[in-house]
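Chains as they are written, first to last, in the working numbering: chain A, 1 to 390; chain B, 391 to 780; chain C, 781 to 1170; chain D, 1171 to 1560.
Treat each hint with caution, since some may be false.
To be verified - Below, computed lysine-lysine pairings styled on BS3-like, alpha-carbon distance capped at 27 Å: (1) B:K738 / A:K27; (2) D:K1518 / D:K1197; (3) D:K1518 / C:K1128; (4) C:K807 / D:K1518.
Unchecked claim - To list a few chain B residues with every Cβ distance to chain A over 10 Å, as calculated: (5) D522; (6) R596; (7) V627.
These are calculated hints, taken from the structure and not from any lab test. Cβ atoms here follow ideal geometry from the backbone N, Cα and C, with glycine treated the same way.
Number of protein chains: 4
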Amino acid sequence: MATPVSVPRQSDDYTREAAEARRDFLKEQAGASLEHVGSYSFDPAALPGNIEHFTGVAQVPLGVAGPLLVNGEHAEGEFYVPMATAEGTLVASYNRGMKLLHAAGGVTTTIVGDRMQRAPAFLFESARGARDFGRWLDEHFDEVKAVAESTTTAGRLQDIEQYSASRILYTRFNYTTGDAAGQNLTGKATQAACHWILEQYDGIDRFFLEGNFATDKKSSQINMLRTRGKRVVAEAVIPDRLFREIMNSSSELMYRARQVSNLGGFMSGVNNNGAHSANGITAMFIATGQDVANVAESSAAFTYAELRENDDYYYSVTIPSLIVGTYGGGTGLATQRECLELLGCYGKDRVRKFTEIVAATVLCGELSLGSAIVAEEWVEAHDLHGRNRP
Amino acid sequence: MATPVSVPRQSDDYTREAAEARRDFLKEQAGASLEHVGSYSFDPAALPGNIEHFTGVAQVPLGVAGPLLVNGEHAEGEFYVPMATAEGTLVASYNRGMKLLHAAGGVTTTIVGDRMQRAPAFLFESARGARDFGRWLDEHFDEVKAVAESTTTAGRLQDIEQYSASRILYTRFNYTTGDAAGQNLTGKATQAACHWILEQYDGIDRFFLEGNFATDKKSSQINMLRTRGKRVVAEAVIPDRLFREIMNSSSELMYRARQVSNLGGFMSGVNNNGAHSANGITAMFIATGQDVANVAESSAAFTYAELRENDDYYYSVTIPSLIVGTYGGGTGLATQRECLELLGCYGKDRVRKFTEIVAATVLCGELSLGSAIVAEEWVEAHDLHGRNRP
Amino acid sequence: MATPVSVPRQSDDYTREAAEARRDFLKEQAGASLEHVGSYSFDPAALPGNIEHFTGVAQVPLGVAGPLLVNGEHAEGEFYVPMATAEGTLVASYNRGMKLLHAAGGVTTTIVGDRMQRAPAFLFESARGARDFGRWLDEHFDEVKAVAESTTTAGRLQDIEQYSASRILYTRFNYTTGDAAGQNLTGKATQAACHWILEQYDGIDRFFLEGNFATDKKSSQINMLRTRGKRVVAEAVIPDRLFREIMNSSSELMYRARQVSNLGGFMSGVNNNGAHSANGITAMFIATGQDVANVAESSAAFTYAELRENDDYYYSVTIPSLIVGTYGGGTGLATQRECLELLGCYGKDRVRKFTEIVAATVLCGELSLGSAIVAEEWVEAHDLHGRNRP
Amino acid sequence: MATPVSVPRQSDDYTREAAEARRDFLKEQAGASLEHVGSYSFDPAALPGNIEHFTGVAQVPLGVAGPLLVNGEHAEGEFYVPMATAEGTLVASYNRGMKLLHAAGGVTTTIVGDRMQRAPAFLFESARGARDFGRWLDEHFDEVKAVAESTTTAGRLQDIEQYSASRILYTRFNYTTGDAAGQNLTGKATQAACHWILEQYDGIDRFFLEGNFATDKKSSQINMLRTRGKRVVAEAVIPDRLFREIMNSSSELMYRARQVSNLGGFMSGVNNNGAHSANGITAMFIATGQDVANVAESSAAFTYAELRENDDYYYSVTIPSLIVGTYGGGTGLATQRECLELLGCYGKDRVRKFTEIVAATVLCGELSLGSAIVAEEWVEAHDLHGRNRP
């Protein structure tokens, strides 16, 4: 095999010229034109910290669903929700659900948890070493907290969970992180804390900054139980009449289907007994500059429904590990910032508002797809709108 | 609450004018400019079937990592991999892993399973009804298959799995789907099959097209066990010397960290005992027009490693539910098609090639992040490249 | 440390004298009297194959609950169910549930699956080797089956499931096993089959008879999905009136509690969303000579309930991995055989009858404890009957 | 259906006569003799609180394995371990493992966690109600603790965990429980606490004492993560030489098999990546009067092994939810007490010693079966000892 030819870089690599040089290189190497990729409307100088080897953009179609009516503690009123997707019916389906929930008086949203973590693992000669260290860590929490927080303005260490197995102590350093999603600040803070710990405490055989207990970009029972990012509930009470008028369905039929899905999901070992929260979350994440790979854990959800005596349908979705930010990451990029601004969610002190809007959107999509399934119109809906698909 | 004001639509809704009208409407409603969102390089006439309420685009920064050396059965040789992301260090990290694996002779890839499903649930008066129906279904498989396949040119019904609980029979109709990801064609085919079944078989109390046994856009044990989309293995043997030269690490250190992560992941109930496959998958999915919400299930993975006697490191990733297509969905959109063409993966008879490239890319990213963690340089790497992040 | 003093054995080790010698030895070594342990009513000559170092017996108190009314396909009519336990309230609670279900017309039971397995894992140089072997295995099923079945009169190899990861092929050799639980016969048959396979097929790098895919004496999602031992459903429809008269409860209250337990169980990652099937199963297993360690997997269950329009309560329990036998193992021991005979379940062609009785018993216990919890009388019930407990 | 004939009871129901009357009744009803069941050596007057409808006993064969060498913090020295089972090879297999570990210097045991819980669920009108109650509960912990502890001498409320979903707050009231397993005392204490809470706090819509978050007698991820009963680690370092001399195996072969089992277990969704801890636990539970149904959760385990540079094998088992007591329940019964006394574990201040002996026993069994599997002698071992089995 010949020496590999690296992707070309330049001393000032975040320019239109550098990007064009890469597109030319790729054309030469692979014979592929990247004309549309090279069509973008912003200055690449803004991109350091967001990408390397910048070559252009993916243009992802963006639609808007709404108005979504939210009765939150941070988001109140109507919102038009930007969704970037190439999946036919997605925007239409969420839009339909928003119509239903608007007629029902809106979606109530509540943030019930907030913690981002880094999860170092410490190894000792034996289990006793791990246990004794755990006690020491409890006793020195204030000092550890001070060291960790010295590295960040936004992060606050809330507590350190301990999970013991063999000669290993797995920990979770839980932080609040302001308006940032916070994976990076918690990484820095925890590393600083761990370096301090390693200096202070004798007998640590080995240390790893991660040991699969924060499960960044993966779905896990621990994050479903103990929260990662925001834990948020969206709920509503919908009269049976509205299901019949708007959704070609009924609350009783919805409820029966829910019971079958609950059992199915329990048996299949799914991380979400609901319908398809990932659809709405992904489309909003792409539109607003979230770290889209966090769909892996953000797609977990708990659905809980009740058929009330008057045939009202109580419906709720709990998202236990929703990773969002309104500051940092991709939120400041050109189209992404515009989309956050459309929601009034760009910048500081907005992340809780944004969280509630995402959760409310998810609820609308759940009821819409759920209705479609029970009405056996699911396939037909796709036929109508999704005609590009084989 | 006043009557909600719907997002405006026009009779010919897939035009630049219709999109502009929506942007104007949003500016009026929410005071937000969508100037960059309105900057796109293709004709909206191509969009029906991909989006509703088309308003513009999300411009997602795109970088290229490579060359990736693949020793596949369908992908062979070097590839430059397009990745759309706003996460600093991501492209650099995958690029570094590709360098390592190139030096090691490339990534071997093998598709070991291929099945897309729809999972209807059938209810009966009692468990006996469910069991008896299951037998009937086995006996009439050929007829069911004929009906299902009458609705599709690409789809082939392979088998129908049965999972019994209470008075319900959950089924999985498993198909191969050609070059399409296939969620829609399996939906149509299965619905047709179910309608035929409902006509033929007495005693079905109720029927739902989905009951949380296909778990589309959700992660589940059943899909990790029984495959959804492609089941693909990427593997390589890397000399210890390369870890030391390129990664500031060693095979022995990598292996010890892996053991801790294996136990941590088993205890935490994670769907992926590896590092961060979602990062590479998501970036490639956005770039190439995949259904990005499928990151939910595509992010599941099994990592298995061995430290060989000569200190070589055998490393493998198995992705049990990778949902990809090279035809239909968003694959034909402007930038998305260009990115597929960059890989030589646009259109018919390319999906297996694309599958292998994705898997090989994932392996490179696993070794790169894994090395960074063991070298304790993880945080520093983010500091350097990710400076936009709080 | 001095040389360890082994437990004494004799040439004819299954005699009262040999047992007494061991009790004497233990008295000398540990100063403990084993007078009651030495009180048993059978001839130790019957024990080879059941225990080594026979020293005496554990005398476990045995009560009887009933009559249990079963409307099964193999068990029909009334049964008095022997339960060996030291847990106060257990027998009373099951007895109360049996009264309820008797009044409701009995428990309907259905065996919906039957497969016992051994799960060898095969390693190859790479994933391709594993995949190719998988195809060969499919093609040679008939030969493998013949070899496997040559070792057993009762066992029949039904199919071989394949689960692929990395360079490993995990398999499940699924058998029916007559009236034996069958772990041993499947072990022998599978080992014979594997030896034949190893002779026939080149390229198997390594082979292990178990790789955590049959999960004997452990609970697993795979066995909950794919059955281990018997998969059996018990179901009943109970009028609301009976809950009020007999259980100090109501169907509506039961149902609401069920919903909360379903969500709780989904979130907590439990292997049984019901109440306490392990109680009844364990007590019956001890009484009837089952392998009690199989409570680990036999305790998994799926509960599914419906509140009908007339306030009837449909309630069902599905036990997906119930390991039982009426022949071999401990079933022929003195008290154990008597208890099986009490149920008309000793010996050949009785295992399905016994399966149904166990399942019906479980259902009664679920409704009884469930009622107690909703009536908030749970603790009081324990106070009354369980006064030996601190 | 004729009126069901209840099992006869007498005013003084715990006498030999009452038991005999029931045996006579059963003979009449079912034609079954219960002669051996009627053979027991203790006075039934001791049984209230342990069983209802006492009819006799199950005589379970009991063998003894040992000496087991334990280097614990509470158990130190050699023990002969009583095991009640009808499974051939079980005692022999544990005995062989004890020989190996004795030669290796014994088993080191460490209790790393101790908490028994009751898990009430509280419902509110909406998620906000649940969240606000959670805060109140935190603020009033001291009062709740005082009320709870007023009902018990042994129980101490350590903390109350909260898990939020929908309009429900699931809690775990975690206690230490002295020498009792503690399910009953935590039940009583928690119910008292809840009654106090219900009086103090307005707005609780509904309350259930259990909602599948303590998962008594069921296996769950939450208990594997957060401990139920004792969390205990057993570990040892075994020279390769001993595997070769005693086990017909080698540390390297053991380790390779472990890797395959780790991956298999992760993929199959098992609650125990080890071999068969349930076997030893069950046999000891029956012998010593534990609540055997707790095998359901006590059988969960985490195995972690390392092949050291000198070919020593570090091996550990972590049991995260071992439910044991040395006081109350069945521990005071005739044979059960004798078996506890054999271990020096009857009565007060012995539960931690007993915990360590159980864990050490489990480790021996894991290495013994593990060796048998890798030596492919597993089936032969059963053939030799288990000849009663079909």
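Structure-based check of each hint:
no.: 1; hint: B:K738 / A:K27; result: holds (22 Å)
no.: 2; hint: D:K1518 / D:K1197; result: violated (42 Å)
no.: 3; hint: D:K1518 / C:K1128; result: violated (47 Å)
no.: 4; hint: C:K807 / D:K1518; result: holds (22 Å)
no.: 5; hint: D522; result: holds (19 Å)
no.: 6; hint: R596; result: violated (7 Å)
no.: 7; hint: V627; result: holds (15 Å)
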